[in-house]
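What follows is each chain in one-letter form.
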Amino acid sequence: MDIKDITPDQIVFWEWGFVHLNLTIVVTWAVMALMVVGAWLITRRLTADLPLTRWENLLEILVHGMQKEIHEVSRQSPRPYLPFVGTLFLFILVSNILNVVPGYVAPTASLSTTAALAICVFVAVPGYGIRSSGLKEYLMQYVKPTVIMLPFNVMGELSRTLALAVRLFGNMMSGSKIVAILLALTPILFPVVMNALGLLTGVIQAYIFAILAMVYIASGTRARQERERKQAESAEEKGEQG
Amino acid sequence: MEGISLIGMASVLSAGLTIGIGAIGPAIGEGRAVAQALSSIAQQPDEMNSITRTLFVGLAMIESTAIYAFVVSMIIIFANPFWDYVVANAGG
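Chains as they are written, first to last, in our numbering: chain A, 1385 to 1626; chain B, 76 to 167.
Worth flagging that the hints you see were computed from the coordinates, not collected in a lab.
Hints may be right or wrong, so weigh each one.
Claimed, not checked - Okay, the calculated bits of chain A under chain B, using three or more residues with CB under 8 Å as the criterion:
1. 1413 to 1427
2. 1578 to 1592
Claimed, not checked - One-sided and incomplete, this derived list gives chain B residues near chain A with beta-carbon spacing under 8 Å:
3. V132
4. I142
5. V146
Claimed, not checked - Lysine to any residue pairs mimicking SDA-like chemistry, simulated, CA-CA at most 25 Å apart:
6. K1520/A / T1545/A
7. K1561/A / I99/B
8. K1520/A / K1561/A
9. K1561/A / L88/B
10. K1452/A / A98/B
11. K1561/A / V1538/A
12. K1561/A / D121/B
All C-beta atoms, glycine included, are put in the ideal place defined by N, C-alpha and C.
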């Protein structure tokens, strides 16, 4: 990527009418193909015997780690959330880690990709909320504690989506930009160091994106949790009285 | 030519000011957050996992203000709409 390009959207390979084939799309499909084919190759011959193969072990560690994190953040069963949050985490992680490959630009360094991911979260929050506590109870959350808070709650929902998109974009874009600038200044050793630092930020950003998505989804399902807690408390009080 | 030099000057100055001033607040905030987290870990080493996780999420939240400033300064330098407008007018 050149210094002048801030996003890989600006590198267009092929154009026909309003259809553009730019670097972001190519790289996104490459990452998706890599993940799907890789997962298929690893799970093709799954057996229950020991010893585990190396790659199977890797996937188990990943899935188990994600389940544990989701459980610790949401205090709920990770089962319904794992497919969505796990996909977000793995996609961002793989596309950020591949940044060390020469000629590759992370698709997350483009605002269109991160905006799409953030919109997925924006849609998923009411989806999970309505599924767990029903439409009426979910919408009632917006007027808590009073009706005056309604515009602020709606604004908060929108602005955190924007923040989610711009945070990932800014971090990844700044990483590749700094490497591009340093290549022009000190060509040999220093860009390698910054690239290693970029790997660290890439992994942390993938983690943060997934954790924030999970926190937002968990706060959307809060209504049911509160109801269950109140029921448990009233049951306890009855038990004490009786 | 007057417009180009004026806009170039204003862009460079404001890009530097944007990232310079915009980094102060988040830097102070992150420093305070990390200091608090370190002293909490020193007091309760058993809670290190949950403190670290909350710290990372909080740092990401604080950092996003600095990232906004950075994105704005990048736009001013590399994708300045006023600059493009003036260049297009001067060219044709």
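Hint by hint, here is what the structure shows:
1. 1413 to 1427: Result for this restraint: violated, n = 0.
2. 1578 to 1592: Check passed, 4 qualifying residues.
3. V132: 6 Å, holds
4. I142: 4 Å, holds
5. V146: 5 Å, holds
6. K1520/A / T1545/A: 23 Å, holds
7. K1561/A / I99/B: The hint holds at about 21 Å.
8. K1520/A / K1561/A: 47 Å, violated
9. K1561/A / L88/B: Distance ~20 Å between K1561/A and L88/B Cα, so the pair holds.
10. K1452/A / A98/B: Given pair K1452/A, A98/B is violated - Cα atoms ~35 Å apart, limit 25 Å.
11. K1561/A / V1538/A: 34 Å, violated
12. K1561/A / D121/B: The given pair, whose Cα atoms are some 39 Å apart, is violated under the 25 Å limit.
When held up to the earlier numbered hints, the structure conflicts with 1, 8, 10, 11 and 12 and fits the remainder.
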